[in-house]
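> Now for the letters of each chain:
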Amino acid sequence: MHSMISLGSCTMKLNAATQMIPVSWESWANIHPFAPASQTGGYQKIIRELEQYLCEITGFEACSLQPNSGAQGEYAGLMIIRAYHLARNEGHRNVSLIPSSAHGTNPASAVMAGMEVVVVACDERGNIDVADLRAKAEQHAQNLSCLMVTYPSTHGVFETSIKEICKIIHQYGGKVYMDGANMNAQVGLTSPAIIGADVCHLNLHKTFAIPHGGGGPGMGPICCNASLAPYLPKHVFAETGGAQGTNAVSAAPWGSASILLISYAYIKMLGGAGVTDATRYAILNANYIKARLEGAYQILYSGENGRSAHEMIVDLRPFKALVGAEDVAKRLMDYGFHAPTLSFPVAGTIMIEPTESESKAELDRFCDALLAIRQEIDEIAAGTYTHEDNVLHNAPHTIDVISADKWEYPYSREKAAFPLPYLRQGWKFWATVGRIDQAYGDRNLVCVCPPIEEYMHS
Amino acid sequence: MSHFPHPDRFVNRHIGPNKHDLQEMLNFLNVKSLDELIYQTVPDTIRLDKPLNLPPAQSEYEYLAELKATAQLNRLVRSYIGMGYHGTITPSVILRNVFQNPGWYTQYTPYQAEIAQGRLESLLNFQTMVSDLTGLPIANASLLDEGTAAAEAMHMFFAEKNKRAKPGEEANEFFVADTVLPQTLDVLRTRALPQNLQLVTGDWREYVFSEKTFGVLLQYPDMHGAVEDYRAFVEKAKAHEVYVCVAADILSLALLKPPGEWGADVAVGNTQRFGVPMGFGGPHAAYFATTEDFKRQIPGRIIGVSVDRHGNRALRMALQTREQHIRREKATSNICTAQALLANIAAMYAVYHGPAGIRGIASRAHEMAKALAAALENAGRKIAAKHFFDTVRVEMPAGELAALRQKAEDAGINFFYDQTGVQINVDETVTEHDLAEIAGLFGAKSVAPVATSAVPAPLQRDTEYLTHPVFNSYHTESDMMRYIKRLENGICRSCTP
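Quick note, the sequences are listed as chains A and B, same order.
For the first sequence, the positions run 1 to 458 when our numbering is used.
For the second sequence, the positions run 1001 to 1497 when our numbering is used.
These aren't lab readings, by the way, just hints derived from the structure by calculation.
Among these hints, one or two may not hold up.
Claimed, not checked - A few chain B residues that face chain A, going by a derived Cβ cut-off under 8 Å, partial list only:
# : residue
1 : Tyr1108
2 : Glu1146
3 : Ile1335
4 : Ala1402
5 : Gln1406
6 : Ala1451
7 : Ile1491
What the hints assert, rightly or not - When the alpha-carbon atoms are kept at most 30 Å apart in a straight line, the in silico DSBU-like pairs for lysine-lysine are as follows:
#  : chain 1 : residue 1 : chain 2 : residue 2
8  : B       : Lys1050   : A       : Lys167
9  : B       : Lys1050   : A       : Lys163
10 : B       : Lys1019   : A       : Lys428
11 : A       : Lys428    : B       : Lys1485
12 : A       : Lys45     : B       : Lys1068
13 : B       : Lys1161   : B       : Lys1330
14 : A       : Lys360    : B       : Lys1019
Note that the Cβ used here is the ideal one computed from N, Cα and C, for glycine as well.
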C-alpha cells in the first residue's frame, strides 16, 4: 500500500475504494448462499452480467464463477476436459502436456485431476519448443488429454507460435487449457479464444481488481467454448453449471460471490475501451521499466521486436558471485519497496509487473532504487565492501539496528537506511525484523503463538 | 451520449500515467504512439479485430447509484438456514480497521516476511485459535472453504495410508456419514472421482469398516444439528487403522468436547461465523487442524516461528518446500491462494471477544436454541434430536412443511427445509423478539429459558482455550484498534524484545 508491489505474474493493481465499499453493504453481505432464488435477484443479475462480460473478454461461450482461486480454476477446467473425453468414450485420454516454465500449480492441479504430466521443453528464448511439443503430442497421441499453457508466457512474452501450438494439440485430439494468470496483457487486445484455447481461468484477484488480502481471497472462474460448456460444475443447492456438469468444485454455488462485485464494478466503471486501455498501459509501464533498467541489468527474454508484454524478468545471476537475488529483494525493503517475484519462473531472477495503475513518478522511484542497488553491487565488485559485509548482504536494516548506540558496519547509517533522497520525503518504511532464517524454523516447527514464558526469555 | 458528462472518469483514476507521462514514456521508448508500442508487442496474428462489446463506462457515482438499485433486488430476510453459513456480528472496530482497510486488504502473500510481521502474527493467532478450539496441535493459515478442506483431508489420508501400498492394492474407500453437509459431499464426489477413490455414504452407526477403508468424515454437530457421541466409532476406526476427519462448527467447540480430545486426526470447518459476513457464499476462511503425525503433510500455508539474523524471534511461512511452486506434480496439494484476509478477521474476532466472550456467544446461542426447542415441543411439535448445540430440527409431514414455508417466507423468515422436516439455526444475531416470532409460526406461545444443557455431560467441554495473552489483552475498542494498527504497521507483538 505504501508503494507499488510489482509482483510478476500476480498483477497487483489498484483495488478502488468504490469497488470495495459495496461488499460491506448488508444487502450483499447478509445473504445466505442457500437462500431461495426468489430472494437473490440482485446477485443473480450481477452474476449473469459478469458471466457475459467475462465471456466477451475471453471470446468464449460459457462461464462458471464457482472456483475460489486460480488453482481451483485450473482443477475445474481440467475436470471439464476430463468429462468431455469421457463423454466421447475416450476416458483413457489422461496425458497433460505442461511446459517446463509453467507455474507449479499447473502440474499439481493436473495430478489432482487424475492426469499424467508430460513436461515440454522451452527453447533458449524461453518459448515453448514447438518441435518438442509436436513430438510429445504425437508420441502421446492416443492418450493426449490437454495442454496447459500460460499466455503471454510465464516469461512475459507473447509467443508468436501460440496458434500453431494450439493447432497441434487439437490435431492430436487434445484440448488447450489456458492459465489466465497473465490475462492483464490480453484484455481487449487478443483473447484466449483467438489464440486457440478451449478453456481458461481468470484470476479475478489479478486482472479484475479483487485485492489479494495478504494471501486470499481470490477467485478463479473459468470460461470455455461450446464443446466444454455442458460439463461446467453444478451444485447441490443451486441451478448452475452445464447439462452434464461435474459435481461441485466449491462449497458455495458461485464461490466467493460477494467479491464478484469488485470485478463487476471494475468492468462497469472502465467499459470496453477502459479495460483495453488498462492492458495497453500495463504493457507501456512494463516496457518503460524495461527500457530504464536495460544497460544496468540484463532483461531475460522478450518478443520478436524486443518488447516485453506486461512483465519482465531481470537476471541477477551475472552477479551471483557477489550477491544473490534474495539480497536484492531484501535491499529493496530498505528503499521502501516490496520485492518483485523472486526466482520464478527462473531461479536467480526477479520478475517485475508494474500494472497500469502506477504513475510514471512511481515507476521512476522504483527504477531509481533498482539502479542504485546496481551501483551498490558494483561497490562490492570493486572491493569497496566485502562479500560478507555490505548493504545488500545485511539488508533489510531495521530501526533497531539503525538507532542502536553501537554501529559496526563499514558504511554509514544514512547509506543503510536512506540511500536515496525520496526516502526522506515520506516514502520510508521499516522492516521490523532482520533477515529471517528459514531453515531454523522448519527444523524447529512452531506454528501456534509461543507460550508466555518464551516472551520472558526473549 | 450525454450532453453534460461529468469530467471525473474512473479510467483516469485507475490508470497511472497521465497524458504528459504518456508522451514522455513514448519518447523514452522511441515510439510515436501507444498503438505503435502495442503493434510491436502483440503479434498481428492474434490481435482482436474489433472493440470489446461491453457496456459504456459509468462514473463511480453512477455505478454506486445503479448498484444500490440492484441491491434492492436482494431481499434481506431473517435467515435461520445454517448448514455451514451463519449470521454473525462483525465488530465495527474490525469492519473498519481490517475488512475495509487497504492496509490489510491490498497486501500480498507474506513471502517477504521481514515487512509482514504484523499480518503474520494475526495468521499465527488464527492458527492458535483453531488449534485451541479443535484440540489439535497443528493448524494451517486457512483453506478456501469447508468442502475443499474436507477433500484435502481425504487426499492426505489416502496418501498416508497407502504410502507403502503397491499400485492397485491401495485402500481406497472413504466413508462419509450421511449427516455431513450436502455441499461438502458434492465437492468430495468431484475430488474422489479422478483419483479412483470410492466414496461410501450412509449411517455411521451401521458402517462396516473394511480393509479397503482409509478414512472417514463425520459432521459435528451434524447437518441436522444433532450432537452425536462419536467416541466409540472413532475407537473402532483406530482399531482398523482408519483415519478420522471431523467437520466441526468452530463456535460449537467453545461448549463441546473438541474432536482432538476424542481421537480425530483432522478437524476442518468454516470460520465464517467468527465475524465474517455470509456474502452469498464467501469469501470465508476454512480451517484445517491436525495431529503432530501429519505436520509435514498438511496442505496449504502454515505460519511458523523462526529467528532473524540478530537472534530475534520472527515469523514467516513455514515448510514451503511442500508447496506446489517447489514440488510441482509431487506437491501435497495445488493450494496457492488461501483466505488470509478472512482468517485475519476471524482471528481478530477471537482476539476481541477472548475466551469468555466466545464462550458467552456460544452459550447464548445454545440457551436460545434450547428455549426454542422446549417451546415448540410444548406446542406439540416433534423435536428431532435430544442433543444439539444451536440448531433445532422439527419433524413435520410434507404438507405442513409447505404451508409453514409459505407463511415463513411471507413473513421474511428463512429456515432450512427437506422432505421430512425443518431446521432453525440460532446464531449470534438472533434476538428474543426473533425467537417469539419463530415460535409464533409454529403455534407456540412463550419462549422461556431451560435449565438443563442439551449437550450430554461426556461431550461438554472441560478444557480451556484461547488462554494465550493475545486473546486476553485487547477487549476495549481503543486497545483493539491500536492492536490492529500496530499489526498493520508490521509490528509483531511476539517479536519485540
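> Hint by hint, say whether it matches the structure.
Hints and how they fare:
no., hint, result
1, Tyr1108, "5 Å, holds"
2, Glu1146, "5 Å, holds"
3, Ile1335, "6 Å, holds"
4, Ala1402, "13 Å, violated"
5, Gln1406, "11 Å, violated"
6, Ala1451, "32 Å, violated"
7, Ile1491, "5 Å, holds"
8, B:Lys1050 x A:Lys167, "23 Å, holds"
9, B:Lys1050 x A:Lys163, "19 Å, holds"
10, B:Lys1019 x A:Lys428, "28 Å, holds"
11, A:Lys428 x B:Lys1485, "18 Å, holds"
12, A:Lys45 x B:Lys1068, "13 Å, holds"
13, B:Lys1161 x B:Lys1330, "17 Å, holds"
14, A:Lys360 x B:Lys1019, "11 Å, holds"
When the structure is compared with the earlier hints, violations turn up for hints 4, 5, 6 and for no others.
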